[in-house]
Amino acid sequence: RKEVEQDPGPFNVPEGATVAFNCTYSNSASQSFFWYRQDCRKEPKLLMSVYSSGNEDGRFTAQLNRASQYISLLIRDSKLSDSATYLCVASGTYKYIFGTGTRLKVLA
Amino acid sequence: GAGVSQTPSNKVTEKGKYVELRCDPISGHTALYWYRQSLGQGPEFLIYFQGTGAADDSGLPNDRFFAVRPEGSVSTLKIQRTERGDSAVYLCASSLTKGDGYTFGSGTRLTVV
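Protein chains in written order, with our numbering: chain A, 20 to 127; chain B, 51 to 163.
Among the clues, some could well be false.
[What the hints assert, rightly or not] Examples of chain A residues toward chain B, derived with CB under 8 Å:
1. K61
2. T112
3. Y113
4. Y115
5. F117
6. T119
These are computed hints drawn from the structure, not numbers from a lab.
Cβ atoms here follow ideal geometry from the backbone N, Cα and C, with glycine treated the same way.
Could you put the whole structure together from the sequences, leaning on the hints where they help?
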């Protein structure tokens with residue numbers, strides 16, 4: 020079983036839709052959590068950190084549930100430019116454990 | 051520099067050859083990491099440097115892989131006797147110190163033929 024698990028998708032959604040991705044992690048000692056975005060043949064880029072209190076950045080909302088060891092990302096009002104792979108990360112003090120990523124394609 | 055720089059961006063080598071991949075981190079970043087990303091997978095941890103020393107090399111797959119950071123800045127990942135299974139994108143990241151957020155370089159795409 021992978022330490023961080025994500026549904027690989029692809030998720031094909033129309034522009035303007037709301038889409039949610041989920042991720043589970045197995046190491047209860049994980050301290051920090053992130054969502055990264057990766058475009059085709061590019062490096063991962065930090066989208067947002069994830070906190071138990073939940074955090075929002077524009078159309079993006081991330082949530083952490085430590086009891087269930089579950090991380091989520093909600094994207095509202097999807098844009099064509101949101102098409103990418105979204106990587107979930109659980110981290111100890113320095114080592115990032117990535118999920119396999121969830122592919123999102125936003126359709127016109 | 052402004053970002054993490056990796057060279058070469060692409061490398062094609064024959065099975066059995068030796069390769070070196072270079073990473074130039076953000077100036078002042080003491081922590082440096084190497085990851086490997088295979089097609090359809092997330093990046094996998096290889097090694098972490100704090101300053102000049104390899105603080106954690108537990109992700110290196112076998113003794114054909116070695117990395118150095120002699121002056122605490124530029125790092126080189128060295129792969130001996132390359133195999134076709136080594137083909138992947140090798141990503142370098144740096145952070146100001148341990149525990150801070152990473153900035154990734156654009157990676158080196160290694161193809162072993």
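Here is how each hint holds up against the structure:
1. K61: 7 Å, holds
2. T112: Holds, about 6 Å.
3. Y113: 5 Å, holds
4. Y115: 7 Å, holds
5. F117: Since chain B brings a Cβ to about 3 Å from F117 (chain A), closer than 8 Å, the hint holds.
6. T119: 5 Å, holds
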